[in-house]
Amino acid sequence: MADTHVPALPDRRLRLRRALRHGGFVFGAAILMLALVVAIFAPLLAPYDPVAQNLSARLIPPSWMQGGRPDHLLGTDHLGRDYLSRLIYGSRISLIVGFATMVISGVIGSTLGFVGGYFGGRVDDVVTYIINSRLSMPGLLVALAVISLVGGSLLTIVLVLGLLFWDRYAVVVRTATQQVRSADFVAAARVAGASAPAIIWRQIRPNVFHHILVIATLEMAMAILSEASLSFLGLGIRAPTPSWGLMIAEGRTYLFAKPYLIWIPGIAIFLLVLATNLLGDGLRDLSQPERHT
Amino acid sequence: MWGFIRGKVIVSLLVMLTVSLVGFALLHLSGDLAATLAGENASAEQIEAVRRQMGLDQPLLAQYAQWLAGAFRGDLGASFFSREAVSSLFMARIGTTAILAVGALILAIAVSLPLGMLAALRPNSWLDRLVSALALAGQAVPSFFLALMMVSLFGVTLRWLPISGSTTPLHFVMPITVLAIGAIPALMRMTRSGMLEVLDQDYIRTARSKGVSGVRIMVRHALLNAILPLISLSAVQLGTLLGGSVIVESVFAIDGIGLLTYRSIQRGDFPVVQATLMFVSVAYIVLTLLADILNAWLDPRLQQRRTG
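Residue numbers (full-length UniProt numbering), protein chains in the order written: chain A, 1 to 293; chain B, 1 to 308.
So here's chain A without its partners, still in its complex pose (with noise of 0.2 Å):
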C-alpha cells in the first residue's frame, strides 16, 4: 500500500527499488553474478591447470586445515590436481548445462504453451495430451538411460535434458496465455487482421513473459542439479573433464579420511541452485506487488 504514496518514479527505477529492497532477490542475484564472473574468467582466476596431475601433492587439506598448504587453498584431489581450480572450471559445466537447458526446453515449452491456450478446442486438447504424455515420463530415468547409450558429453547432456523437461514452461503458459486470450486489446488486433503467430508474439508473449522467466530459474535450476546427478551417477561429463557432480562422486571413496572432498563442491552445487531458486521467487514476488503489501 505504501508504494502509492511514493512520487511518480519512472517505472524502471521504482521496479529496481523495490527488487534492491527483495533480500532473496539480492542474494540470489548477487551469487549468481559472481559464478558468472569465476566462470568467464576462469583461466585467469584459477591458479592451476584443472587437469593437471601431480602425483607427489595428492590429497592436500584445504589450507586451513592441518597439513594445508598455502599453495593450493582448497586442497588437492586423490590425483593431485589442485582442488580450487576444478572448482573454478566446474563452474562453467553447470552454468553452460544450466543456461543452455534453459532456452532449449523454454522455447519448445512455451511454443506448446502458446499454441495450446491461444487455439484452444482440438488444438489444446492435442498439446494437453502431449504435455500428459511427457509428465508420465520419469525425465530422469530417461535421460539417464539416453545419455548412457548416446555417449555423455557436454553437447548430450544439454540436449537431452532441453528436450525433457520443458513441460512446466508448457503448462505454465498454456494457462497464462488461456488468460490473455480474452483480453480487449487481443481482440482488437484480432479484428486488425493480424495472424496468429504475430497476435501470439507481439500481444500474448509481452503479457506472460514474467511467468517465462520464473519457470525459467526453477529450469535452471533443475538442469544444474540433473547434471551434478548425472555426472555423479559416472554418466554424464566425463573424467577428467571438472564437473562438481563427477568430482563429488570422485571424492566418494575418500568420504571417512577426507570429507573435505565431498563437502566443497556439494555446497558449490547447493548454493548455485539456492541462488538461482531465490532469484526465481524474487521474481515471482516482484511481479506480483499486489501480494507482498
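Keep in mind the hints are simulated off the structure, nothing from the lab. All of these numbers come straight from a predicted model, not from anything done at the bench. Treat the hints with caution; some may be incorrect.
Derived list of chain A stretches under chain B, where covered just means 3 residues or more per stretch with a C-beta under 8 Å from a C-beta of chain B [to be verified]:
no.	region
1	99-112
2	132-138
3	144-158
4	264-278
Using N, Cα and C, we set each Cβ at its ideal position, and we do this for glycine too.
With the hints as your guide, set chain B onto chain A.
Below, chain B without anything else, positioned relative to chain A:
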C-alpha cells in the same frame, strides 16, 4: 461420475501406449544396442550376430509390436545378461523400493502438512519464514550429496545407523529421509498456498468472526479443501520418488528397482530399462488417475469442469 471415469481411463490408456512407444523408440534410436551388447572389442560379424540373435535387425515397429504383445501377456522379455525374466527380477525387488517410496511419502506428508498449515495461519511470521527457508534449502541440496553427508555423520562419526544394504529396518532410515527431503519442499509449499487460499474464503472469515479458534478452523473447515491439490501432488511425488530411488539406492547399495535400473542402464540391458521406464510411467499414470477420481468424488464440481 461413470462417464467421467471412463473418459479418464481411456485417455490414461492412450497415454500409456504413447509413452511406451516413445520410450521404446528413444532407447532404440539413441545408440546401437547390438554394438553395446557385443562389447567394445567385438568384430563387425559378432555385432551382426548379436543383432540377429536379439531380433534387433527387424524394423522398429515390428520389434515394438512384439514387445507390446508380450507386455499384454505379462511377458516383459528376459534380461540380456542374466537371461532371467524381467518380471521375476522386478518381483524380487519391488517390495524394497515400495518401502522406500511409500515410507518417504508418508514421512514427507507428516512433515509438510503441519508445517505448511502453521505457516499459512501466520503469514510472514518467523515460523512462515523458517518454513520457506527449509523448503528452499531442501530444494537446492543434491540428494546424493545429502546422502553422503548423512552417511559420514550418522554412519561413520556417530555410528548410529548402518550405511549400506537393506537387511534391517534401520537400513531404511537414511534412504527414506533423503528421499523425503526431496519431496518435502513441493508438498510444503502446496499445503501453505492451498491453505492461504482457503483461509481467504468467505465461510472461513465468517467462522473466524464468530470467534472460532485458528486451529479449529484449520481442522474442521479448511483442511479438507486444501487437501484436494495435495492428493494430486502426492501421486506425482510418488512417481518422482520411484525415479529418485536410482540415486538413493545406488548410494546406499540397496538392491531395489533403482539399483537394478542403474546397473541395467550401465550395461545396455535394454529389456530391463524399457520395463523400468514403463513401470514408473504406469505407476504415475495410475496414481494420477486415482487422484483425479478421488478429487472428483470429494469435489463433484470438478467433474463438470474437466469433462465439459
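Do the hints match the structure? See the list:
Judged by the Cβ-Cβ criterion of 8 Å, the region 99-112 of chain A is not covered by chain B as claimed, because only 0 of its residues qualify and three are needed. A count of 6 residues in the region 132-138 of chain A with a Cβ less than 8 Å from any Cβ of chain B is obtained; the coverage claim is therefore met, three being the minimum. For the region 144-158 of chain A, the assignment as covered by chain B holds, since 7 residues bring a beta-carbon within under 8 Å of that chain's beta-carbons and 3 suffice. Closer than 8 Å: that is the beta-carbon criterion, and the region 264-278 of chain A has 8 residues meeting it against chain B, so the requirement of 3 holds.
When held up to the earlier numbered hints, the structure conflicts with hint 1 and nothing else.
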